[in-house]
Amino acid sequence: MELRHLHYFIAVAEELHFSRAAERLHISQPPLSQQIRDLEEELGVKLFERTKRQVHLTEAGNVFLERSYRVLAQLEQAIAATQRIGRGEVGQLAIGFVGSAMYTVLPEILRVFREQFPAVELHLHELTTAQQIQALYDKQVDVGIVRSAISEPGLSVECFLPESLVLALPETHPLSTQTQVSLSTLADELFILFPAKMGPVFYEQIINMCQQAGFRPKVAQEAVQMETIVGLVAAGLGIAIVPDSLQKFHRGGVIYRNLKEEIPNTGLYLTWRQHDSSPVVRTFLDLARRTTQEESTLKSTWQSA
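Numbering-wise, the sequence shown is residues 65 to 369 according to my numbering.
No lab work stands behind these hints, which were simulated from the structure alone. Every residue, glycine too, gets a C-beta built ideally from N, C-alpha and C. Among the hints, a few may not be true.
Taking CB as the label site, the calculated pair distances span [said to hold, decoys possible]: (1) THR292 / ALA144: 42 to 52 Å; (2) GLN338 / ILE149: 18 to 28 Å; (3) LEU107 / LEU188: 51 to 61 Å; (4) ARG175 / GLU291: 20 to 30 Å; (5) SER246 / GLN285: 16 to 26 Å; (6) THR241 / GLN156: 47 to 57 Å; (7) GLU222 / GLU78: 52 to 62 Å; (8) PRO259 / HIS314: 20 to 30 Å; (9) GLN338 / ASN272: 23 to 33 Å; (10) HIS314 / ARG134: 52 to 62 Å; (11) GLY150 / THR122: 34 to 44 Å; (12) GLU222 / ARG84: 52 to 62 Å; (13) VAL265 / LEU136: 47 to 57 Å; (14) THR292 / PRO217: 26 to 36 Å.
Taking the hints into account, I'd like the entire structure generated from these sequences.
Below, the structure written as structure tokens:
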């Protein structure tokens, strides 16, 4: 028995006329009649009572019609569910992210993803870059959003949101009167830095910038979370070089100034296991790229207006 036998049977059962059923199925009547006879022979029961003028379902035929509807409905549901999984519309997704990502486009990405793919169960984990790398290897997260252009075997990485770096100062700092600050004037300042072991690429970027300006920064304090770094600046414990998006963290006692030197950008990076074929991961990556691009276009349009 094949699915076509069910379709043929249902057509005849609904039309109760072999010629009309054949026309509906776009086949000739003799093959249709033969298919129904083959089906009855395989089942070992008569499904139709036939006379020269009429066709009626037998009691067994009525039961088989009801069950045939169920089988085809379940098949359609199975096909639809399989296709949704294949398109990444159903499943689970564990996302790791650095805390500072919440001051960028990440909330919008999550909002759009939840809106478009409500059947995907999201699990969010705030982790440092180093913790996310390990979590990816351990398959505890599927996608990471990190602050560094990491280079790790087996992991893909892609910058999806470039950012500039700015100087965070206590609002009473003498340099706060300047609109731009030169790195060379910071040689005697105390710095609050992100720990090297938690984000070595970002840490080295700050160190290299200062060394190119002729000094190595004096570290007063290290802090894992960018929000903590800004809080320590507000407390007057030092200054910090942070991503531009931290300005959205409205913390009193801190001001931000651009640096005069042409400095390399930082950014947020998507990272995932290279050979992960999960449709849900692919769907999230595509949506993150698209949403970020749309946000960037809107921002550029607003700025030029």
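Quick rundown of the hints versus the structure:
Against the hinted window of 42 to 52 Å, the Cβ-Cβ separation of THR292 and ALA144 comes to about 47 Å, which satisfies the hint. Under the hint 18 to 28 Å, the C-beta atoms of GLN338 and ILE149, about 22 Å apart, fit the expected range. In this structure the hint that LEU107 and LEU188 lie 51 to 61 Å apart at CB holds, the actual value being about 54 Å. Judged by the Cβ atoms, the range 20 to 30 Å given for ARG175 and GLU291 holds: they are separated by roughly 21 Å.
Checked against the hint of 16 to 26 Å, the C-beta distance between SER246 and GLN285 comes to roughly 23 Å, which is consistent with it. In this structure, THR241 and GLN156 meet the distance hint of 47 to 57 Å, their C-beta atoms being roughly 52 Å apart. Between GLU222 and GLU78 the beta carbons are some 54 Å apart, a value that agrees with the proposed interval 52 to 62 Å. Hint check: PRO259 to HIS314, Cβ distance near 25 Å, so the stated range 20 to 30 Å holds.
Range check, GLN338 to ASN272: about 28 Å between beta-carbon atoms, so the 23 to 33 Å window is met. About 59 Å separates the C-beta atoms of HIS314 and ARG134, a value consistent with the hinted range of 52 to 62 Å. GLY150 and THR122 have their C-beta atoms about 41 Å apart, which keeps the hinted 34 to 44 Å range intact. Under the hint 52 to 62 Å, the C-beta atoms of GLU222 and ARG84, about 59 Å apart, fit the expected range.
Separated by about 56 Å at the C-beta atoms, VAL265 and LEU136 satisfy the suggested range of 47 to 57 Å. Evaluation of the 26 to 36 Å hint for THR292 and PRO217 yields a pass: the beta carbon distance comes to about 31 Å.
The earlier numbered hints are all upheld by this structure, with none contradicted.
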